[in-house]
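So the protein lines, in turn, are chains A and B. In this text, residue positions in the first sequence follow UniProt numbering: the first is 1, and each later residue adds one. In this text, residue positions in the second sequence follow UniProt numbering: the first is 1, and each later residue adds one.
Everything labelled a hint here was simulated from the structure, so no lab data went into it. The beta carbon of each residue, even a glycine, is placed where N, CA and C say it ideally should be. Mixed in with the good hints, there may be bad ones.
[Stated by the list, open to error] Capping the alpha-carbon separation at 30 angstroms, the derived lysine-lysine pairs in BS3-like fashion look like this: (1) Lys200/B - Lys216/A; (2) Lys87/B - Lys122/B; (3) Lys59/B - Lys216/A; (4) Lys153/B - Lys216/B; (5) Lys155/A - Lys153/B; (6) Lys342/B - Lys266/A; (7) Lys59/A - Lys216/B; (8) Lys153/B - Lys156/A; (9) Lys153/B - Lys178/B; (10) Lys191/B - Lys216/B; (11) Lys200/A - Lys153/A; (12) Lys342/B - Lys198/B; (13) Lys342/A - Lys11/A; (14) Lys309/A - Lys156/A; (15) Lys216/B - Lys266/A; (16) Lys216/B - Lys200/B; (17) Lys153/A - Lys156/B; (18) Lys200/B - Lys153/A; (19) Lys153/B - Lys153/A.
[To be verified] To be clear about the criterion: a stretch of chain A counts as covered by chain B if any three or more of its residues have a C-beta under 8 angstroms from a C-beta of chain B, and this derived list gives those stretches: (20) 10-22; (21) 94-108; (22) 199-213; (23) 250-257; (24) 283-289.
Protein chains: 2
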Amino acid sequence: MEVINRYITIKHHVDGAPQDSDFELKSSPLSLSLEPGSDEVIVKNLYVSIDPYQLNRMKSYSSSQESSAYAVAITPGEDIDAYGVGKVVASGNPKFDKGDIVSGLLKWGEFTVVKPGGMLNKLDPMGFPLSYHAGILAFSGLTAYAGLFEICKPKKGEKVFVSAALGSVGNLVGQFAKVFGCYVVGCAGSKEKVALLKEKLGFDDAFNYREETDLKSTLRRYFPDGIDIYFDNVGGDMQEAAVSNMNINGRIAVCGVISEYTDREKRAAPSMIDVVYKRIKIQGFLAGDYLNLFGDFLSTTCDHLRTGKIQPLEDISEGVESIPSALINLFRGQNIGKKIIKIAEQ
Amino acid sequence: MEVINRYITIKHHVDGAPQDSDFELKSSPLSLSLEPGSDEVIVKNLYVSIDPYQLNRMKSYSSSQESSAYAVAITPGEDIDAYGVGKVVASGNPKFDKGDIVSGLLKWGEFTVVKPGGMLNKLDPMGFPLSYHAGILAFSGLTAYAGLFEICKPKKGEKVFVSAALGSVGNLVGQFAKVFGCYVVGCAGSKEKVALLKEKLGFDDAFNYREETDLKSTLRRYFPDGIDIYFDNVGGDMQEAAVSNMNINGRIAVCGVISEYTDREKRAAPSMIDVVYKRIKIQGFLAGDYLNLFGDFLSTTCDHLRTGKIQPLEDISEGVESIPSALINLFRGQNIGKKIIKIAEQ
Ligand SMILES: NC(=O)c1ccc[n+]([C@@H]2O[C@H](COP(=O)([O-])OP(=O)(O)OC[C@H]3O[C@@H](n4cnc5c(N)ncnc54)[C@H](OP(=O)(O)O)[C@@H]3O)[C@@H](O)[C@H]2O)c1
Ligand SMILES: NC(=O)c1ccc[n+]([C@@H]2O[C@H](COP(=O)([O-])OP(=O)(O)OC[C@H]3O[C@@H](n4cnc5c(N)ncnc54)[C@H](OP(=O)(O)O)[C@@H]3O)[C@@H](O)[C@H]2O)c1
Chain A
1 MEVINRYITI KHHVDGAPQD SDFELKSSPL SLSLEPGSDE VIVKNLYVSI DPYQLNRMKS
61 YSSSQESSAY AVAITPGEDI DAYGVGKVVA SGNPKFDKGD IVSGLLKWGE FTVVKPGGML
121 NKLDPMGFPL SYHAGILAFS GLTAYAGLFE ICKPKKGEKV FVSAALGSVG NLVGQFAKVF
181 GCYVVGCAGS KEKVALLKEK LGFDDAFNYR EETDLKSTLR RYFPDGIDIY FDNVGGDMQE
241 AAVSNMNING RIAVCGVISE YTDREKRAAP SMIDVVYKRI KIQGFLAGDY LNLFGDFLST
301 TCDHLRTGKI QPLEDISEGV ESIPSALINL FRGQNIGKKI IKIAEQ
Chain B
1 MEVINRYITI KHHVDGAPQD SDFELKSSPL SLSLEPGSDE VIVKNLYVSI DPYQLNRMKS
61 YSSSQESSAY AVAITPGEDI DAYGVGKVVA SGNPKFDKGD IVSGLLKWGE FTVVKPGGML
121 NKLDPMGFPL SYHAGILAFS GLTAYAGLFE ICKPKKGEKV FVSAALGSVG NLVGQFAKVF
181 GCYVVGCAGS KEKVALLKEK LGFDDAFNYR EETDLKSTLR RYFPDGIDIY FDNVGGDMQE
241 AAVSNMNING RIAVCGVISE YTDREKRAAP SMIDVVYKRI KIQGFLAGDY LNLFGDFLST
301 TCDHLRTGKI QPLEDISEGV ESIPSALINL FRGQNIGKKI IKIAEQ
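Sequences and hints are given; from them, build the entire structure.
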């Protein structure tokens, strides 16, 4: 059987904020039956993840493209890989059978042809919606878990600040930290988000950074006793303001710097005098280095979901054609929680 | 017996680069015999240490003044404490006897009256000149040792970059790293210093940063395979250039940022995209937190000095009146190795 596989690509490199005109929906015929002897797996994509780092892959150059196997440059015109959940429609690989639900590195498209060695695993949904396995129970969750517990090593009662706090990673950092026994304040870009943080997710406090003019004094207001841990999703001014409000032995997990992704000139210039005298640690990390924690992370998170200690927060759009606007909207703060595209029904 | 104790003070806060006119040599009478029942110790100062951080203490405000007991603000007109070596001339404290050689927190002056609870210890010179115990075998050495081994955790063969490499801390970082088996490049501010680094101290390579126009490409030239460890003494542009040349899992010990001490506006703005994707750690530290390592540090360093694996590098001026210019010259790169003032003969 042959289908028309529709997928998203970039028309050219994208060096500023992404726009509709940067993307193209392409289609090409795809045979769903494999050649005899093929060791490939054909996956029908069900859910794919939308993540800010994809923009760094789209740039004509970013040092990030050299530093991680997941972050390699995207070639204009070619299909784009992304984490997701799918269903096997044909398999020449003895580890997979037709009908298997799988997760791994799929494509921003309707189907993925996974070559041997590609990242693909059978998925046990454990009673949770499949979409969870593209977000909260996958890399977004692991990022929050590893960044908070391995990089920041919180102690009960410590004061934690999270930026992009209603985003996919941020909301979980805050929730994990609350369950662990920390005092947690988040920031986000709208009144509505602030209300959600406080009312739905149980953050101790939250503020809308767009309404603030002097972030340094804003943080002093929210943390009169200083910040012990800053989980940085945004970089730029917010990181500088956090550094100047850190306590002695403060830790900053630099998870991402989304405010710097769309603007090459933008840089955080944290006070290094503070870094020295307050013995601050500023540590970058990639979740992919912490796969050894995946088992722990998964069982902890599933427990918290079942007992209601953690709320899942998903923002799902439908159809491959909605991928570009979903990515674009991350940079406009128009997602609430994990942004996922539902490509097809199971 | 009464003497005239001469000591250095600042006339007013010092907010830019220090100048002669900021300082004053004061004198006041001091009785060298203690009142009956006094628990003080009177020390005749022999060697005192000259350190860049003193400038941060002299500022009208620096966040550093709040973050460490050693870094508290200096009040204009008052005497200034500094690490040093001295000889007890009178003691009401049963732990010390007249004639004891001691080290601890003394004054930038000819005598120190140490109150109970002050930092003072009997010193066993172990056959080394007393001046060593104000520098290489004291905080300068511990700073290099703790920063390199505890913060950066080098592996044999790793590539190490040190700035202010002919300074008190920097020269030891480079020498420790060489003995440990790393590849070491240093930078300093003159041709003569570069020659000393390569010829006398055994650095693998060295350069004069004042002759370079694009530090990022300079570092690429000296580290074609990237930097694993950057021991940062200067901050600013050099830190930025180092970050962009770091390898994956690179570590930066932020020991000090001397280029930022004299200029409030000056800031390092390292690429946080590099920090994330290359999983870089930027860690501030203070040697005072690593007193638990002092025993290890001391025995290792003494061994290396005895076997000639490490060269001591001291820059000694004489007399209390030379203290201001000694401090001023640190910020002009006019010291070679540990800057110490010899206040008096034993
Ligand atoms: N290190 C890793 O392994 C790893 C893994 C996953 C993600 N990340 C990073 O983690 C961060 C969050 O990713 P995510 O997937 O959870 O995305 P997300 O937070 O769900 O979405 C991005 C959010 O960032 C905020 N934002 C966008 N532009 C901004 C700007 N200029 N200034 C401040 N905030 C801005 C927006 O929320 P508001 O403006 O409303 O706050 C937006 O909703 C990103 O930097 C990403 O690259 C790192
Ligand atoms: N964290 C701690 O516990 C601790 C303890 C001791 C010292 N420190 C810090 O370590 C650093 C070195 O201290 P040290 O005692 O060893 O001093 P030092 O290196 O002996 O003397 C300072 C040297 O810094 C260089 N320098 C001065 N101004 C500079 C500028 N604007 N840009 C670049 N380099 C400049 C000069 O050498 P060249 O210009 O010729 O290279 C000068 O000789 C300082 O930042 C200090 O605050 C930290």
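Results of checking the hints against the structure:
1. Lys200/B - Lys216/A: 47 angstroms, violated
2. Lys87/B - Lys122/B: 9 angstroms, holds
3. Lys59/B - Lys216/A: With a Cα-Cα distance of about 21 angstroms, the restraint between Lys59/B and Lys216/A holds, given a limit of 30 angstroms.
4. Lys153/B - Lys216/B: 24 angstroms, holds
5. Lys155/A - Lys153/B: 24 angstroms, holds
6. Lys342/B - Lys266/A: This hinted pair is violated, its Cα atoms lying about 48 angstroms apart.
7. Lys59/A - Lys216/B: Roughly 21 angstroms separates the two Cα atoms, so the pair holds.
8. Lys153/B - Lys156/A: Judged against 30 angstroms, a Cα distance of about 28 angstroms means the pair holds.
9. Lys153/B - Lys178/B: 14 angstroms, holds
10. Lys191/B - Lys216/B: 20 angstroms, holds
11. Lys200/A - Lys153/A: OK: Lys200/A and Lys153/A at ~25 angstroms, within 30 angstroms.
12. Lys342/B - Lys198/B: 28 angstroms, holds
13. Lys342/A - Lys11/A: 23 angstroms, holds
14. Lys309/A - Lys156/A: Holds, because 17 angstroms separates the two Cα atoms, which is no more than 30 angstroms.
15. Lys216/B - Lys266/A: 18 angstroms, holds
16. Lys216/B - Lys200/B: Holds: Lys216/B and Lys200/B sit about 27 angstroms apart, inside 30 angstroms.
17. Lys153/A - Lys156/B: With a Cα-Cα distance of about 28 angstroms, the restraint between Lys153/A and Lys156/B holds, given a limit of 30 angstroms.
18. Lys200/B - Lys153/A: 43 angstroms, violated
19. Lys153/B - Lys153/A: Holds, because 19 angstroms separates the two Cα atoms, which is no more than 30 angstroms.
20. 10-22: Not satisfied, violated; 0 residues make the cut.
21. 94-108: violated (count 0)
22. 199-213: Three-residue rule not met by the stretch 199-213 of chain A, so violated; n is 0.
23. 250-257: holds (count 4)
24. 283-289: holds (count 5)
Violated hints, listed in ascending order, are 1, 6, 18, 20, 21 and 22; each of the other numbered hints is respected by the structure.
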